[in-house]
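Student: One letter stands for each residue in the lines below.
Protein chains: 2
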Amino acid sequence: MTIKTDVIVVGAGLSGLYAAHLLQQQGKTVSLLEARARVGGRLDNHQFNNGDLVDVGGQWIGPGHDGMYALLKKFALDFYPLYDKGQHLLWLGKKARRYSGTIPTLNPWALLQLGWLMWRFDMLARSIDVKAPWSHTKAKQWDSITVESWLKKNSFSKQARELFRISIGAVFAVECSEISLLHALNYAQSSQNLDYLISVGGGAQQDRIHGGSAGLCQKLAHSIGDSLHLNRKVSAINWHANSVTVSSEGHEYEAEKIIVAMPPNQLLRVNFTPALPGVKDQLWQHMPAGSCIKCVAQYEKPFWREQGLSGQAVSLQGDLPVRVTFDNTESGKTAGLLMGFIEGDHARHWGTKSEAQRKAAVLKSFATFFGEQALSPIDYVDKDWAGEEFSRGCYGANPTPGTWTSLGHHLRTPVGPIHFAGTETAEHFTGYMEGALNAAQRCVNELS
Amino acid sequence: MTIKTDVIVVGAGLSGLYAAHLLQQQGKTVSLLEARARVGGRLDNHQFNNGDLVDVGGQWIGPGHDGMYALLKKFALDFYPLYDKGQHLLWLGKKARRYSGTIPTLNPWALLQLGWLMWRFDMLARSIDVKAPWSHTKAKQWDSITVESWLKKNSFSKQARELFRISIGAVFAVECSEISLLHALNYAQSSQNLDYLISVGGGAQQDRIHGGSAGLCQKLAHSIGDSLHLNRKVSAINWHANSVTVSSEGHEYEAEKIIVAMPPNQLLRVNFTPALPGVKDQLWQHMPAGSCIKCVAQYEKPFWREQGLSGQAVSLQGDLPVRVTFDNTESGKTAGLLMGFIEGDHARHWGTKSEAQRKAAVLKSFATFFGEQALSPIDYVDKDWAGEEFSRGCYGANPTPGTWTSLGHHLRTPVGPIHFAGTETAEHFTGYMEGALNAAQRCVNELS
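Chains B and C, in that order, give the protein sequences. For the first sequence, this note's numbering begins at -4 and goes up steadily by one. For the second sequence, this note's numbering begins at -4 and goes up steadily by one.
No lab work stands behind these hints: they were computed from the structure. Do not rely on the hints blindly, as some may be mistaken.
Just so you know, same-sequence chains aren't split out, so a pair can sit in one copy or run between any two.
Unchecked claim - Pairs of lysine-lysine, DSS-like flavour, derived with a Cα cap of 25 Å:
| id | residue 1 | residue 2 |
| --- | --- | --- |
| 1 | K135 | K(-1) |
| 2 | K348 | K126 |
| 3 | K214 | K89 |
| 4 | K148 | K296 |
| 5 | K153 | K135 |
| 6 | K348 | K23 |
| 7 | K68 | K23 |
| 8 | K348 | K147 |
| 9 | K133 | K153 |
| 10 | K148 | K23 |
| 11 | K214 | K348 |
| 12 | K328 | K147 |
| 13 | K147 | K133 |
| 14 | K126 | K69 |
| 15 | K214 | K228 |
| 16 | K153 | K378 |
| 17 | K359 | K89 |
| 18 | K68 | K359 |
| 19 | K296 | K69 |
| 20 | K80 | K69 |
| 21 | K135 | K148 |
| 22 | K328 | K148 |
| 23 | K378 | K214 |
| 24 | K348 | K228 |
| 25 | K135 | K348 |
| 26 | K296 | K147 |
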C-alpha cells in the first residue's frame, strides 16, 4: 500500500525534522523517512550510567542562531552558557601556560603573527558573498590553494601556525591541507568570522541545550507525529517532472515533491531513477565528511574549576590525540564533564584503535592538562562519527580544493521535484544547527 | 537458490574480468557479478552508423604495459600505433603553430620554463616509492599543496604554466587545483614519469587495440563463461571472518572470499554488513572520479593528414571546450576519426548542455584547429562518464589534497574476506588498463 502525501522528506536530522515541521504548519501532508531507529542525525545523546545525558554530536548555539533560540523557546527548552570562567590552558609539550580570552599566551612574536593571521583571514572572508562564493573575483585563486599553503605563506612563527591549524581542525574537523582557502573563508563568512567560530562567550560555542540538542529533535519529532517513519532507509528514489516515489524497507511512498536532508556522502548512496545529472553526483563526490571523535569523561565533580581552570585547553603536543577540550558539564548537574575532540588525521588514526586504547589515550590527554585526577573518571564515552553508517563523518562535509568554483553552483539547485536541505547547503551558519534550519527554510520556500 | 563458489568478484571491468580469469586458471570457482548489461566498465565501444567501432572509454597502451600486450597476444588480438606522423598544432587563440614531438613551439622563455617544470616534476617524482607514497620524507609537505600552487611557485611564464595545466588535465581529467603535488608525483612515478604520460610514441598513448579495448573485455568474458552474471547490481555485501554473501537482483551468492573491483565512488554505494571501518569509507569519500567527456567525430577520410598534420592539437584558448585532440582513426579503416577530450571544469560545464550544443562546440573546436572540413562529419559520438550511473566519472579517481598521507595506507588493505582491486589500487600504471591488471593480480596473490 502506497502512502501518499504532499511532500516526502528524507532524513530526520535537524534539517529534515524542521522542514517537515514547517510543511505541516503550512497544512501540507508529509512523510518523513529516517534510516535509523532514532531521530537527530548528527545530533545524539548518550546516557551515562548515573542517568545523566550528554551530547555526543552537535551541541552548541551562539549569537545569531536566531532560528535555534526561537525553536527552543517554542518547545519550552532551556539553554545555558558553556562554563567559561577561570583560566584556559595552553599545553606546549612540557609546560602549561594559563591564559584568558580566545588568544593564548605566546611569545610576543607568535602572538603578533597569530593576531595578523586571524585579522588577515577575516578581512578576506568579509568580501565573500555566501550566496555565491564562486563569483568572487579571486575565487579561482583562493580555491586553488590549501589553507596550509596560505598559512605557510603568511606566517613565519611555528607556534602561531600550529595554533591556527588547531583552530581550523576544531572548526572543520579536517587538516589545513584538505580544504581550500576559499572554502575556509566562505565558511567563516557564513558564520560572521573566524573569531566567532572559535569563541565561547559571544561566539559559536556560547550556549548549550538542557537535555541535549537531541532533546530538541525529539520535540520536533513529537510535533510531527505519525508522519515520521523510523527504520526507513531510503535506497531508491524514482522521480518524474511532478511526482516522486520512494521504496523503503518494503514500504512505498508517493508525493509531488521531495526534500532530501542528508549529508552529501549519504546522497551518493541513494539510487535515483532516472540517474541525476553528472554534476550533482560529481559535486557530492567532492564533499567528503570531516573526521571527528568526540570524547567525554564524567567525574564526580568538575575538579579543574577548584584550580581556577575553565576546562578549556589547547595542546600543541602532537602525540596526544586530544588537541582541544571544553568543560561540558551540564548546568545544574553535580558530575563534571571534560570533553575533548580528536580531529582530522588524529581521528583517522584513533578511529582504528579499540575503545579501551582510545579511552586510555584520551584520559592521558586530560591528565596532562588538568592533573592526575583526570585519570579516574566515573564514566566515559566517545563517538567516532566516521564509523556511524548513516553519517560517515562529521561535523559537516567540506568541498575539496577546486570544488566551490567548479561545481559549487549546483549545491542548492533542485532537480525536478527534488530539493536539497541539510546544513551543508545553508547560506548562513553552514555546518551548524542553525544552518540546518536555514537550509530547511530555504527548501520549504522553494516548494511554495 | 544460493550459488556457491570459492570467490565472488564484483565488477566486470577489466580488473574484475582479469581477476576472475586468473582465479579460474588456478582452478577456483568464481561468480563474477556486473551491474551493467555489458562488460568493460570504463572501457566501451560505440558503433558508428557505418558499422565502424570506436573506443569511447580507455583505449591506450604503451611500453611497459607488459600484462596488456601479453593478454592481447593470448587472445590473438592485434594492436596498432596511434597515428603520430606529421606536425602537431598549438592553438594560441589567434593563430596555430606547428611543432613536432611532445614539447610545442613557444617563445624561448616559455619553452625554457616548460622544460624546467617537466624536469623538476620528474626529478621529484623519481624519489617516490609507489608502494607507500605516504612514507616519503616530504610526503606531508607535498600532499598539503595543490599542483596549481606548485606550478605558480615554479614558473613565471604564463604560456608554460597553461601548457603544464593542459598536460595535467589530459592525464588526470581534473584541474591543477584539485589534486596535491604528492598525488601527481606518485601517479607519474607509477607510470615512469610525466613525459611518458603525455607521449604518444614510446609513451602511454603509443598503441591502440583493433576492435577496441572493449573487444579484449569480451574475450575475457567469453573465457569466463557461465561464471559471469550480467545485470547483477550489488547493493549489499554481508561478510564474516571466513565467508561472504551477496544479494543481487533477487539472486544470492556465497563464497569464502570476495574481490571488489569497482571505483571508489561506487564502493561507497555498497551496503556492507557489518559496516566497514570508518577509515575505508572516509578514504573513498576522498577519492572523487575525474571529469571527462570523450568526443569523436567521424569523417570520410582523415583530411588533416593531407595537410601534413598529425591530428594532435593542444589549445590554449579557454573558450573552446576541447583542449587536446588526437587522430583516433583505426588502422586499416577508410573513415578518419578526430577525438577530443573535454576535461575538468570544461567537462562539468559541457556535461550540463544538450548533446547538440556539445556537438556544435566540439566541431567548432576541431574546425578551429584543422579547418572548415571538420564541421561536416559523417557521424559523431561523445560520452560524458560523469553521467554514467556505474562510473560517475573518469578516467580514474584522484585522492584529494591531504588524503594520501592521511588515509592512503588503507587503500589496498583487505577487510576480513574482502579484497580491493580496480586500477585505483594499482602500484604500477595506476589509472591505466595495465593498472587494472596489476591490481587484479595483487588481489589474486592475496587470496592464495
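Student: Would you list, in rising numerical order, the hints stated earlier that this structure does not obey?
Tutor: Of the numbered hints, 1, 3, 4, 6, 8, 10, 11, 12, 14, 16, 18, 19, 20, 22, 24, 26 do not hold.
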